[in-house]
Amino acid sequence: MIENQTITINPVTRIEGHAKITIHLDAQGEVDDARFHVVEFRGFEKFCEGRYFAEMVQITPRICGICPVSHLLASAKACDAILGVTIPPAAKMLRELMHMGQTIQSHALSFFHLSAPDLLLGFDSDPATRNVMGLIAAAPDIARKGIRLRKYGQEMIKATAGRKIHAEFPVPGGVNKALTVAERDELLRGLPEAYEAARFALDLLLGYHEKHQHEVESFASFDSNYAGLVQPDGALELYDGNLRFTDPHGNIVHDQVDPSRYLDYIREAAEAWSYMKFPFIQKLGYPQGMYRVGPLARLNLCTKIATPKANAELRLWRANGHAVRTSSFFYHWARLIEILYGLERAEQLLHDPAITSTDILASGTPQNADGVGVMEAPRGTLIHHYWVDEGGRVEKVNLIVATGHNNLAMNRAVRAVAKKYVKSQRLQEGMLNRVEAAIRCYDPCLSCATHAVGKMPMVVELVDAAGAVVDAAARDAA
Amino acid sequence: MSANGKVSVATMWLSGCSGCHMSFLDLDERLLDLSKLVDIKASPIVDIKFDQMPEVDVGIVEGCVNNDEEAEHLRHLRDRCKILIALGDCAIMGNVPALRNQFRLADCLTRGYVDTESTQIGEIPSDPVLPQLLARARPLQEVVKVDVSIPGCPPDADTIWYALTELLAGRMPQWNERNLKYD
Ligand code: SF4
Chain Y
9 MIENQTITIN
19 PVTRIEGHAK
29 ITIHLDAQGE
39 VDDARFHVVE
49 FRGFEKFCEG
59 RYFAEMVQIT
69 PRICGICPVS
79 HLLASAKACD
89 AILGVTIPPA
99 AKMLRELMHM
109 GQTIQSHALS
119 FFHLSAPDLL
129 LGFDSDPATR
139 NVMGLIAAAP
149 DIARKGIRLR
159 KYGQEMIKAT
169 AGRKIHAEFP
179 VPGGVNKALT
189 VAERDELLRG
199 LPEAYEAARF
209 ALDLLLGYHE
219 KHQHEVESFA
229 SFDSNYAGLV
239 QPDGALELYD
249 GNLRFTDPHG
259 NIVHDQVDPS
269 RYLDYIREAA
279 EAWSYMKFPF
289 IQKLGYPQGM
299 YRVGPLARLN
309 LCTKIATPKA
319 NAELRLWRAN
329 GHAVRTSSFF
339 YHWARLIEIL
349 YGLERAEQLL
359 HDPAITSTDI
369 LASGTPQNAD
379 GVGVMEAPRG
389 TLIHHYWVDE
399 GGRVEKVNLI
409 VATGHNNLAM
419 NRAVRAVAKK
429 YVKSQRLQEG
439 MLNRVEAAIR
449 CYDPCLSCAT
459 HAVGKMPMVV
469 ELVDAAGAVV
479 DAAARDAA
Chain Z
28 MSANGKVSVA
38 TMWLSGCSGC
48 HMSFLDLDER
58 LLDLSKLVDI
68 KASPIVDIKF
78 DQMPEVDVGI
88 VEGCVNNDEE
98 AEHLRHLRDR
108 CKILIALGDC
118 AIMGNVPALR
128 NQFRLADCLT
138 RGYVDTESTQ
148 IGEIPSDPVL
158 PQLLARARPL
168 QEVVKVDVSI
178 PGCPPDADTI
188 WYALTELLAG
198 RMPQWNERNL
208 KYD
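In order, the protein sequence lines correspond to chains Y and Z.
Here the first sequence stands for residues 9 to 486, where the numbers follow this note's numbering.
Here the second sequence stands for residues 28 to 210, where the numbers follow this note's numbering.
It is possible that part of the hints are untrue.
[To be verified] Computed cross-link-like contacts, DSBU-like style, restricted to lysine-lysine with a CA-CA straight-line distance of at most 35 Å:
(1) Z:K63 - Z:K172
(2) Y:K185 - Z:K172
(3) Z:K33 - Z:K109
(4) Y:K166 - Z:K63
(5) Z:K63 - Y:K219
(6) Z:K172 - Z:K33
(7) Z:K33 - Y:K166
(8) Z:K33 - Z:K208
(9) Y:K166 - Y:K404
(10) Y:K166 - Y:K100
(11) Y:K100 - Z:K208
(12) Y:K291 - Y:K404
(13) Y:K100 - Y:K185
(14) Y:K166 - Y:K312
(15) Y:K166 - Z:K208
(16) Y:K404 - Y:K185
(17) Y:K317 - Y:K185
(18) Y:K291 - Y:K185
Derived by calculation from the structure, the hints in this document are not laboratory data.
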């Protein structure tokens, strides 16, 4: 007689953060529930209180070293709103260029460094070498392409902002460094190789799709709502724009919502078993109001992409009557299409003569009691909201990070994969890795998730009905 | 030493933003050279079973110590490595995560999980599956002996490269005005 059991996976590896997964089995040994636990808490929403608002652009990027640019820019936008200024056009272009650099580097990291080892070496290959170092040994040319594509994104950040990680470039009212002609030309010189690497990655992934069509299409596939920013004409937007929400079939539910009104649409729940909160669409309630954000959501909800190469890929995304793509596996594909968009948009910005203007800063003193800054971070919509007193001292902070929005969806994805791959009390290496891979599709940024919150390794524990651990397997993100 | 003559390394992420690990990845093509000299046995970027964590020559740690599991992981690594490196300001002195030390932990949790304007269903996480937060976030050296510190938030890739290559050559990295300038 088999008792109810729980499997714990701890830590989840090759993802940026710290987490555990538990899989609960029923008396028949079938999967009953699966939970994704984020295990760290840092407390940004409290300890920023009392700081001068202009310091926020320096403190909040330390939420996350993978997408610090998104936090910098969301923070700077919230501070612009507190100042009540419109930043000079060149400052906006430079911020967007910096953001394209980050989109490119973060998506390249996710694909080449973290996910390609599964795709190229196999989900069931030896865990000791199923990583970027193993990839360097097994396929050095591919590893080098990935490393150089990420490097190009990082160099774009460095050229605009002076530093690759935790730059001091966007400031309330604009930016503090102009782009020189020499820096612009250097970035333009790197574009052809970057395009080639992005194309290579797309062909590699589409080849994988062809060989594993069934698994790819059904991998943690489920219905959800979607949310993200779009341009006024509905085109894909990463830096600015307004919010759009769609239903599971891609129908628009709310459109062109001013992001500063996010509280009218999004609420959060907290659960005893995770340090990451669970945002939901308020009107639909909890947990029915589950929605997804990030690359897959953005491609599902945008009307088009305003650059030609990426838009051609979007047409393939929508081919054969696919209004939306629901498989979590397609996050990888969406990410690569967005790398193309990032390169094309960067090219447009670099060819605009205004990009080297030195009119980059509007000054002012705090005019408004609060300010909201919203961005599309690589992993999805990022919201910073600050309240200040008359002197500009921060009174309260509210943050909803990209990975947080996907929390309900990630739990759903883990449950779907566990149901398919966990069949008995025995834990097998390939199964564990697939459960992790479901999480990895979302490329969760646990540094972000744990702002209030922490980070993410992985243990799988199989727990019986009486609560005893009957089998366990652990991987430490160490 | 690994059987293949390479220096074995484990990297660990405690309470930090992962920016120090990202800066390590900013070694870019130098990663290809490094892979000829060192074996990364455990890291957030690889898969490894915790109960199989091997003895290593060098342990590299990002972030400070924020909860009981992190303290345990850190001690575990300390017991199994010859040289322990504190990578970045969080590991060395607490840095941003230690800003919470000026507030009561309960107030930080209440703000995060109950009081924020978007929270509709509030509850402070308390399930035993979660690690216990320490009353204060602590730098590594308050918990274990640290052999080498690489300062910066984050130290840039050149600084990390300098420290690693010096150690591989059997020398202690020496910090001066030139190699501690990051901008
Ligand atoms: S030292 Fe800086 S870059 Fe490194 S983990 Fe801490 S906040 Fe992040």
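Results of checking the hints against the structure:
| no. | hint | result |
| --- | --- | --- |
| 1 | Z:K63 - Z:K172 | holds, 29 Å |
| 2 | Y:K185 - Z:K172 | violated, 41 Å |
| 3 | Z:K33 - Z:K109 | holds, 14 Å |
| 4 | Y:K166 - Z:K63 | holds, 28 Å |
| 5 | Z:K63 - Y:K219 | holds, 33 Å |
| 6 | Z:K172 - Z:K33 | holds, 25 Å |
| 7 | Z:K33 - Y:K166 | holds, 33 Å |
| 8 | Z:K33 - Z:K208 | holds, 31 Å |
| 9 | Y:K166 - Y:K404 | holds, 32 Å |
| 10 | Y:K166 - Y:K100 | holds, 17 Å |
| 11 | Y:K100 - Z:K208 | holds, 29 Å |
| 12 | Y:K291 - Y:K404 | holds, 25 Å |
| 13 | Y:K100 - Y:K185 | holds, 12 Å |
| 14 | Y:K166 - Y:K312 | holds, 30 Å |
| 15 | Y:K166 - Z:K208 | holds, 15 Å |
| 16 | Y:K404 - Y:K185 | holds, 30 Å |
| 17 | Y:K317 - Y:K185 | holds, 31 Å |
| 18 | Y:K291 - Y:K185 | violated, 43 Å |
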